[in-house]
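K.L.:
Under the working numbering, the first residue of the sequence shown is numbered -18, with each subsequent residue one higher.
If you are wondering where the hints come from, they were derived from the structure by calculation, not from laboratory data.
Don't take every hint at face value.
Stated by the list, open to error - Restricting the straight-line Cα-Cα distance to at most 16 Å, the calculated cross-link-like pairs of lysine to aspartate or glutamate (EDC-like) are:
no.	residue 1	residue 2
1	K51	D82
2	K49	E71
3	K51	E71
4	K21	E7
5	K120	E33
6	K60	E83
7	K177	D121
8	K35	D148
9	K49	E130
10	K51	E38
11	K215	E83
12	K18	E38
13	K21	E33
14	K210	D91
15	K147	E130
16	K60	E71
17	K18	D(-2)
18	K146	D121
19	K18	E33
20	K18	E7
21	K49	D91
22	K120	D148
23	K146	E188
24	K49	D65
25	K210	E130
26	K147	D121
27	K147	D117
28	K197	D213
29	K49	E33
30	K215	D82
31	K112	D95
32	K49	D3
33	K60	D82
34	K51	E130
Only a predicted model underlies this, so the values are computations on that prediction, with no experimental measurement involved.
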Amino acid sequence: RNMLRQSRNRPAVVAADMMGVDMMVEMYQRLGLSSFKTRKDVGISAVLGAVEVKPAEQFNAYAVLANKGKYNPLQPILKILDRDGKVVWEFKPDGGKQVVDERAAYLVTDMLYDYAGDTVKGLKGYPAAAKTGTSDNNKDMYFIGYTPEIVTGIFVGNNNNGPVKKDSTGTWPYGYNASRGAWMAYMNRIMPRYPKTPFTRPAGIVEASVCLISGKLATPTCGATFTEKFIDGKLPPLDDSFTVKNVCLDL
-18 RNMLRQSRNR PAVVAADMMG VDMMVEMYQR LGLSSFKTRK DVGISAVLGA
32 VEVKPAEQFN AYAVLANKGK YNPLQPILKI LDRDGKVVWE FKPDGGKQVV
82 DERAAYLVTD MLYDYAGDTV KGLKGYPAAA KTGTSDNNKD MYFIGYTPEI
132 VTGIFVGNNN NGPVKKDSTG TWPYGYNASR GAWMAYMNRI MPRYPKTPFT
182 RPAGIVEASV CLISGKLATP TCGATFTEKF IDGKLPPLDD SFTVKNVCLD
232 L
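My request is simple: use the sequences and hints to build the entire structure.
P.N.:
This is the structure in structure tokens:
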């Protein structure tokens, strides 16, 4: 959670290495990312953006989190009317396919909600989860955020994949300062259409005290602790990094 808040890359690489590339690719496929058709030419670096994806598909992958782990294909056309206003065709959603455990989707959303924090404070009281993204040399900049009702993604970059320029203050643009403003402006216009629905915690989520240093379940000897959320039955082991021994003090 803290590493995600700080946009650190190493935890994503460690997690991908633990799960293996095959499982990583299979997850991307479940989220609807068509760039990951086969295992060929895909490595762990994919979690850092080494594989190009279509922005619309990436935004829709976040919709899986907003939709409690359910995937719906992109559907740009919702209704067709004839010249008299009669409905010729209308899209009827089927509820989606569960591709991610609802509890896991909630935990990621909860972390992205923490990450958003002050970033989306101006969203007029609507809860939102969000994440920024910036590619090498500041060529691609994203701000993707969502509420329980809507996902919005903003991409800033050049169509020719060329580098962008510094702003008037001499600052390089990145995901936050280049994309967030447009995201906030759009969301503040559209969100009054929707209720202020909070992200709801599903059954099977528990909280536990965790040792700050080891990341394992806290014991009386581990010192500083914090409270974290877990899927019930998938808690880390008890901390075994610290022991207390009686030592003879020779004066």
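K.L.:
All the hints need checking, so say for each whether the structure fits it.
P.N.:
Against the structure, the hints come out as follows:
no.: 1; hint: K51 x D82; verdict: holds, 9 Å
no.: 2; hint: K49 x E71; verdict: violated, 25 Å
no.: 3; hint: K51 x E71; verdict: violated, 21 Å
no.: 4; hint: K21 x E7; verdict: holds, 12 Å
no.: 5; hint: K120 x E33; verdict: holds, 13 Å
no.: 6; hint: K60 x E83; verdict: violated, 30 Å
no.: 7; hint: K177 x D121; verdict: violated, 31 Å
no.: 8; hint: K35 x D148; verdict: violated, 26 Å
no.: 9; hint: K49 x E130; verdict: holds, 11 Å
no.: 10; hint: K51 x E38; verdict: holds, 14 Å
no.: 11; hint: K215 x E83; verdict: holds, 14 Å
no.: 12; hint: K18 x E38; verdict: holds, 14 Å
no.: 13; hint: K21 x E33; verdict: holds, 14 Å
no.: 14; hint: K210 x D91; verdict: holds, 9 Å
no.: 15; hint: K147 x E130; verdict: violated, 35 Å
no.: 16; hint: K60 x E71; verdict: holds, 4 Å
no.: 17; hint: K18 x D(-2); verdict: violated, 20 Å
no.: 18; hint: K146 x D121; verdict: holds, 12 Å
no.: 19; hint: K18 x E33; verdict: holds, 12 Å
no.: 20; hint: K18 x E7; verdict: holds, 9 Å
no.: 21; hint: K49 x D91; verdict: holds, 12 Å
no.: 22; hint: K120 x D148; verdict: holds, 14 Å
no.: 23; hint: K146 x E188; verdict: violated, 45 Å
no.: 24; hint: K49 x D65; verdict: violated, 39 Å
no.: 25; hint: K210 x E130; verdict: violated, 23 Å
no.: 26; hint: K147 x D121; verdict: holds, 13 Å
no.: 27; hint: K147 x D117; verdict: holds, 15 Å
no.: 28; hint: K197 x D213; verdict: holds, 15 Å
no.: 29; hint: K49 x E33; verdict: violated, 25 Å
no.: 30; hint: K215 x D82; verdict: holds, 13 Å
no.: 31; hint: K112 x D95; verdict: holds, 10 Å
no.: 32; hint: K49 x D3; verdict: violated, 24 Å
no.: 33; hint: K60 x D82; verdict: violated, 31 Å
no.: 34; hint: K51 x E130; verdict: holds, 13 Å
Figure legend: structure checked against the earlier numbered hints; hints not met, in rising order: 2, 3, 6, 7, 8, 15, 17, 23, 24, 25, 29, 32, 33.
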